[in-house]
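Can you make the complete structure from the sequences, with help from the hints?
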Amino acid sequence: MNDRTKTLLQDGDSFDSGAAVDRVAQRAHEAIDSVAAKAKPAVERVHSAASQAADALHAKADALGELEEQWLDSARTHIREQPLTAIAIGLLAGLLLSRLAR
1 MNDRTKTLLQ DGDSFDSGAA VDRVAQRAHE AIDSVAAKAK PAVERVHSAA SQAADALHAK
61 ADALGELEEQ WLDSARTHIR EQPLTAIAIG LLAGLLLSRL AR
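The opening position of the sequence shown corresponds to residue 1 in my numbering, with each subsequent residue numbered one higher.
In short, the hints are calculated from the structure, not lab data.
All residues carry an ideal CB built from backbone N, CA and C; glycine is no exception.
Among the clues, some could well be false.
Derived DEER-like restraints, expressed as beta-carbon distance ranges [to be verified]:
1) 18 to 56: 54 to 64 Å
2) 52 to 77: 33 to 43 Å
3) 45 to 78: 22 to 32 Å
4) 55 to 18: 46 to 56 Å
Set out below in structure tokens:
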């Protein structure tokens, strides 16, 4: 035990445990408030960046969905215009896949 602690313990009048706890609690609250104030801008920046990234991903997903629709429409059009060619391509693809699977 250091000298200051011994002195405080020996002199009961000058040592008020309730006041000491209050001072420690006040300092802890001040430290927490300080950390929270410093962290808030960083949290807001991260939130903003995450929102922008999510928006960009949604835009890309929408663009890919539109591209898929265009490809499907194009394939349907070609199949309607040349059904025999489409059947021949399907048969050849099936034969190739069956030979590769052996």
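Inset, instruction - Starting from the range 33 to 43 Å, see whether the pair residue 52 and residue 77 falls in it by beta-carbon distance. - result: About 38 Å separates the Cβ atoms of residue 52 and residue 77, which means 33 to 43 Å holds.
Inset, instruction - Could you say whether the range 22 to 32 Å given as a hint is met by the Cβ separation of residue 45 and residue 78? - result: 50 Å, violated
Legend entry - Whether the CB-CB distance between residue 18 and residue 56 falls inside 54 to 64 Å: Holds, since residue 18 and residue 56 (Cβ atoms, about 56 Å apart) stay within the stated range.
Inset, instruction - Kindly confirm whether 46 to 56 Å is satisfied by the beta carbon distance between residue 55 and residue 18. - result: 54 Å, holds
Hint 3 from the list above is the single one not met by this structure.
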